[in-house]
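First to last, the sequence lines map onto chains A and B.
Going by my numbering, 359 is the number at position 39 of the first sequence; the sequence numbering is gapless.
Going by my numbering, 226 is the number at position 202 of the second sequence; the sequence numbering is gapless.
FYI, nobody ran anything at the bench for these hints, they're computed from the structure.
Beta carbons: idealized from backbone N, C-alpha and C, even for Gly.
A portion of the hints provided could be inaccurate.
Pair ranges (Cβ atoms, derived) [stated by the list, open to error]: (1) A:G363 <-> B:T208: 57 to 63 Å; (2) B:W80 <-> A:G363: 45 to 51 Å; (3) B:G33 <-> A:L622: 39 to 45 Å; (4) B:R29 <-> A:A544: 28 to 34 Å; (5) A:A626 <-> B:W130: 51 to 57 Å.
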Amino acid sequence: MNYLLRRLATFPLVLLGVSILVFVAIRMVPGDSITAMLGTEAGLLTPAQRDALAAYFGIDQPWFVQYWRWIGGILHGNFGISVTYGRPVLDVILERFPLTLELALLSMIIALAVGMPAGIHAATHNEKPSDLVVRIVAMIGQSTPSFVLGLLIIYTLSAGFGVLPAMGEFAPLWQDPLRNLSQLILPAITLGFAFAASVTRIARSAMLDVLSDDYVRTARSKGASARSVVWRHALPNALIPVVTLSGIEFGYLLGGAVIVEQIYALPGLGRMVLDAILQRDYALVQGSVLFIAFNFMIVNLLVDLAYVALDPRIRLGEQ
Amino acid sequence: MRILRAIFGHGSGRIGGVIVFVYLLLALLGLLGLTPHNPITQYRIDRLHAPGAAYWMGTDLFGRDVASRLMAGIGQSFTVAFFSVAFAALAGTVLGLAAAWLGRRWDGVVMRIMDVLLAFPAILLALLIVTVAGPGTWTSVVAIGIVYTPIFTRVVRGPALSLKTREFVDAARTFGSSSSYIVTRHLLLNLVAPLTVQVTLALAWALLTEAGLSFLGLGTQPPAASLGLMLSDSRNLMETAPWLMIFPGLAIMISILGFNLLGDALRDILDPRMRRAFA
Numbered sequence: 321m322n323y324l325l326r327r328l329a330t331f332p333l334v335l336l337g338v339s340i341l342v343f344v345a346i347r348m349v350p351g352d353s354i355t356a357m358l359g360t361e362a363g364l365l366t367p368a369q370r371d372a373l374a375a376y377f378g379i380d381q382p383w384f385v386q387y388w389r390w391i392g393g394i395l396h397g398n399f400g401i402s403v404t405y406g407r408p409v410l411d412v413i414l415e416r417f418p419l420t421l422e423l424a425l426l427s428m429i430i431a432l433a434v435g436m437p438a439g440i441h442a443a444t445h446n447e448k449p450s451d452l453v454v455r456i457v458a459m460i461g462q463s464t465p466s467f468v469l470g471l472l473i474i475y476t477l478s479a480g481f482g483v484l485p486a487m488g489e490f491a492p493l494w495q496d497p498l499r500n501l502s503q504l505i506l507p508a509i510t511l512g513f514a515f516a517a518s519v520t521r522i523a524r525s526a527m528l529d530v531l532s533d534d535y536v537r538t539a540r541s542k543g544a545s546a547r548s549v550v551w552r553h554a555l556p557n558a559l560i561p562v563v564t565l566s567g568i569e570f571g572y573l574l575g576g577a578v579i580v581e582q583i584y585a586l587p588g589l590g591r592m593v594l595d596a597i598l599q600r601d602y603a604l605v606q607g608s609v610l611f612i613a614f615n616f617m618i619v620n621l622l623v624d625l626a627y628v629a630l631d632p633r634i635r636l637g638e639q
Numbered sequence: 025m026r027i028l029r030a031i032f033g034h035g036s037g038r039i040g041g042v043i044v045f046v047y048l049l050l051a052l053l054g055l056l057g058l059t060p061h062n063p064i065t066q067y068r069i070d071r072l073h074a075p076g077a078a079y080w081m082g083t084d085l086f087g088r089d090v091a092s093r094l095m096a097g098i099g100q101s102f103t104v105a106f107f108s109v110a111f112a113a114l115a116g117t118v119l120g121l122a123a124a125w126l127g128r129r130w131d132g133v134v135m136r137i138m139d140v141l142l143a144f145p146a147i148l149l150a151l152l153i154v155t156v157a158g159p160g161t162w163t164s165v166v167a168i169g170i171v172y173t174p175i176f177t178r179v180v181r182g183p184a185l186s187l188k189t190r191e192f193v194d195a196a197r198t199f200g201s202s203s204s205y206i207v208t209r210h211l212l213l214n215l216v217a218p219l220t221v222q223v224t225l226a227l228a229w230a231l232l233t234e235a236g237l238s239f240l241g242l243g244t245q246p247p248a249a250s251l252g253l254m255l256s257d258s259r260n261l262m263e264t265a266p267w268l269m270i271f272p273g274l275a276i277m278i279s280i281l282g283f284n285l286l287g288d289a290l291r292d293i294l295d296p297r298m299r300r301a302f303a
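Chain B with its partners taken away, still in its complex shape (with noise of 0.2 Å):
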């Protein structure tokens, strides 16, 4: 509850958070079906129509509801990018205290495999992994959940290996806590916030990258709606029907935006230190 003030208290917050809670609305009622028309249904007779009162942002070439279309697809894009937040989140948590609490041997052997996934560029790994999988949503999560653990192993292991120095970890050993519930209590509490921030930052970049993976056709895979395969489908259509390119490519950036804004400002207030740093 106290977050929740002081996000709403933050000027970048505030906007960042009122649009994450419209684009969740959004979503969840996409995913509920509960849109305005059927999303893959489709009007032949209405096709290519512009937006109006039937059809609040046009229908595509096959007469589908775009407006239906784009919150269907916000729902497969937050799904996506949630659970592969969550993946890559707990893969990086699970390895980063391993790595920093382990030391040694498993720190180098866990770090440099780190280094080999990083030494990747992010869209070709999602889209090696994407093509020997088959492109689908969850392959998506599984691709991007993959290509986003090593950042979140590096931005656990750093803070945990100098929390694993310090006095209160030393007493906790002294006073005989088992090494469980030392990493479990005194070093994953006090990461909590750097995750919380890398979390939000994150589902920006997951949007991206599955608005990406759609976009090259390896996403999610039609007649189901994605927005970035309804922002592909849009390009040969681009001069007749603007409006098939228009709202997916706002949807995708003011989701983003969203969450970027929500991240700096949970940056300032669990990290007063970094306030200036990415105002």
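Chain A with its partners taken away, still in its complex shape (with noise of 0.2 Å):
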């Protein structure tokens, strides 16, 4: 409980130092939103006309006026207006985030299901052939970037059997179930699979060290079953490191695929960030990287939290 609490104090003082980072760096890029917004049109607003706009967007005061407004604006849940949408903030996060936490449980379910039993397997196999089969395909997917696995995805789909990855118009999963996993699958695919690789690793390697262990040879030699042994005594303690690095990743994934995102045209949220930042969209930029900063660190508490549900020997904050 102690812990928990001291670990949340510590939230704030880090997305105190996320919020001057991004607001004084997304500053720092050349160029005005409104002429990013507006282009060449720009060029046909009078000057009384852009500081109308500037106004409305409340990015004509000093700097520290404007953060000080920004984050009093967080307090009361108002993100600011987005320059691009001239919609809040929130609304067009929240309305990219569905897909990208879809994406990201898909990528984790994928990972976990395969990785897994491979590990396990492997594990259980030690230095047979198998086992060396898991790990090179393991260290191969591993070394696999996304973009490089997502292209190869869909030139073989396209040249081997003439279909392309459903795209277009993205369909909500609430709105056609089919549709929205039609088009997820693919990307969730290519993300998962050097997911699947790196918790094949992990899973391998904390089994084998769980399996050398004094209370797994108590247990066979007691007469348990290999089944037994591996499932009921050797697994639950092999899942902590599993879970720190799906943990890990998975808030990496919450924060948006950028670039696999932008292989399937996806809207999530990774590819809104870019666009944001692109087109100097201070508020989107500054608001979606501190919801992103805020999900991974919630994340990483919760990963910690999950190690004392799985050994209850495990006392956090303890050095």
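Two chains, two frames, a set of hints: combine them into the complex.
What follows is the structure, encoded as structure tokens:
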């Protein structure tokens, strides 16, 4: 409990740091957001119109006033207005977030569904040919960038089968689950492949460690079946490193998979932030980076709490 | 020399070592301009030429030789990867040692700043830095360097904290050694092993991030060649000229594989306790 409180107490401090960093960084990008928003049409604005637009988006004030207003707004649930979308930043973020969350979840499910059995198999068949195959595939998987795999998948589908991944207007899960799944499955496989490779490697090594422990040997000598030794005795303890890795990876995926979203033309959080940076959409960049950082910290905290659930001997916060 | 022998006596170390060596050679040739053709010369009559005797890996939409561009691209990617990892390793080591040695307030301040950087997704932080400074080779170096500094800081700070409490450090203090002597002589020398492993693995990540930035058009700028840029350019020609995607894709993948294998081998060799953990 103490640990939880202490960790939660660092949240505002880190978020404050993130807010300052992103606020300063985005203002250092050359060019202004009104010109970026209107393109060549910005030249048609009279100085008065330009001032009015700047005042509307709150970018006419000195930077410390802007920062103060922004932070004050956030405390009241107001993240500002996006210059690009002309709508509240939080609405824009929450519109994109379900896709990112779904993609991250799907990738993690694929990674765990493939990686865990593969890792356990390799560990229980240590140094056998099947272990070697799993290790080689996992190493290759971990070294394959998502954008290389994504392009290879698209190429194989289009050249080999004459089909293209389902793109076009994105269908949210609650509107058209089938179409939604058909749009997300390939990106999820693309992201899940390297993720699965990491899970395989960590599951294998954790399992190997646990299988050589005394209590597993005792269980074996008491006549427990091989299946029971692996699933009942060894697996729960081998899960901790897998949970850590999956949690961290999941936390990163919640920040949006910029490149994979770009390849599959998905309107996720990552692509939105990239576009917002390029458009100098100050409020949207600031809001979304803060949102992503917050999610990342929450996921990390949950991972820590999961340790305790998996191994009650662990007391968090102790050195 | 002993470490080289150990690497070549290690299964994955041997493969990783050979891959990295070949890439270093290709990078060097690419940087020196010793390529089969000039990587930016456009042989317009041979546009989208399939791989063959004249152009081993074919030509691109502008009639440029893919093999030559690949070599130049490897040179470019490796330059960014090496300098950015050197930046991150240097900054991370200094910060990690300072945090561990000075302790208390310094430790708190440095580690909170690192927490802030770590709370950013790596590619987004790199994107932000690149957009601020404008795309280019050296901007990529700084961006990737800053992104990976917190990892090195953590790698150094943890062991440095525990080394600080060891008897030999107390003994050195008793003999009147200065702080700078103890930090460089006793702490830093004992951190060489974890740092070497981290540097090798970070090179793989740096190559990946550089390729990612270039893929998004924010890394190396045309007409210069870069693996990520070549891959990105290949997207619209995938069906008519698949070699434009396959060769740079494989080149990125194999280079990362090489560093990962080498990193794993180094971890086994330098830290035998971890031998099985990442086998």
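Q: Output the numbers, in ascending order, of every earlier hint that fails for this structure.
A: 4 and 5
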